[in-house]
Amino acid sequence: MNQENSVQVRLGRTYRNLKNILAKGTKDIFTEVEIETYTICNRKCSYCPNSKFSRGNHMMEVSLFKKIIDDLKKIKYNGDITPGFYNEPFLDGRLPELLKYTKRKLPDSRIVIFSNGDFLDKELFDEIKKYVDSIDITDHGNLNPNIPEDKRIKVKKLEHFSSRGGLVAVNNKITKEKCYQPTRMLTITYNGDVIVCCNDYFGKHIFGNLKKENIMEVWNKKSFISTRKRLREGIPIFNICKECFGN
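Per my numbering, numbering of the sequence shown is gapless, rising by one per residue and ending at 247.
For the record, the hints were derived by calculation from the structure and aren't laboratory data.
We treat Cβ as the ideally placed atom computed from N, Cα and C, and that holds for glycine.
Hints may contain errors.
What the hints assert, rightly or not - Simulated DEER-style distance windows between Cβ atoms:
1. G234 to D121: 43 to 51 Å
2. K105 to K211: 16 to 24 Å
3. G234 to H58: 13 to 21 Å
Claimed, not checked - In silico DSS-like pairs for lysine-lysine, Cα to Cα no more than 25 Å straight-line:
4. K212 to K178
5. K74 to K105
6. K44 to K67
Please put together the full structure from these sequences, using the hints given.
Below you can see the structure in the form of structure tokens.
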């Protein structure tokens, strides 16, 4: 993604976020949804907890995935949807079917895929491109020397990194004084658990389960509201929060 497209994406996301906030009448509403359809990744990248740990081999039931999408439709959700957590999305052979259902039910949402690209070929790309708004491919290797200089995309080198709640050792760790992650993003694991945020790799901090409850029932629980509020105020709740805050 070049710089111009990146700016357009950010502006588009900001517009949708403001529209969502105005429609719901509150800033305390998620504008991104992360759904773990599968738990497996084929890589063990040093910056990811998968390099040390495992989330086992589990798939989200299609019926549960569709229920989540149906819940989002009921609240007229129009934000980002990512079919992933710490997994490689394209390892899930059901992905085209899931994306098709999502786009049919939520045409105004933006479907974003984060992938290592190992399993994405032209045939699969052609199958899913009408459902997906953005595919972000991570770069894990050296630059191909055969690519002409004027055809290369310059990427800003990262100088600070997330420790993923203390699970990954980093030299220059990102720290924060306040956290809006649980307010901004709803994170759902393969079994329907709603957890505090995407850094809760082991899914220890659970606020509800979408097999038994709908999304807004979980979102509006007093315990979840209180947790989000305290984190926005700069009060780390859990140990993973303290790691992110640099405490």
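These are the hints, each one checked on the structure:
| no. | hint | result |
| --- | --- | --- |
| 1 | G234 to D121: 43 to 51 Å | holds (46 Å) |
| 2 | K105 to K211: 16 to 24 Å | holds (19 Å) |
| 3 | G234 to H58: 13 to 21 Å | violated (35 Å) |
| 4 | K212 to K178 | violated (32 Å) |
| 5 | K74 to K105 | holds (10 Å) |
| 6 | K44 to K67 | violated (31 Å) |
Hint check: violations occur at hints 3, 4 and 6; the rest are consistent with the structure.
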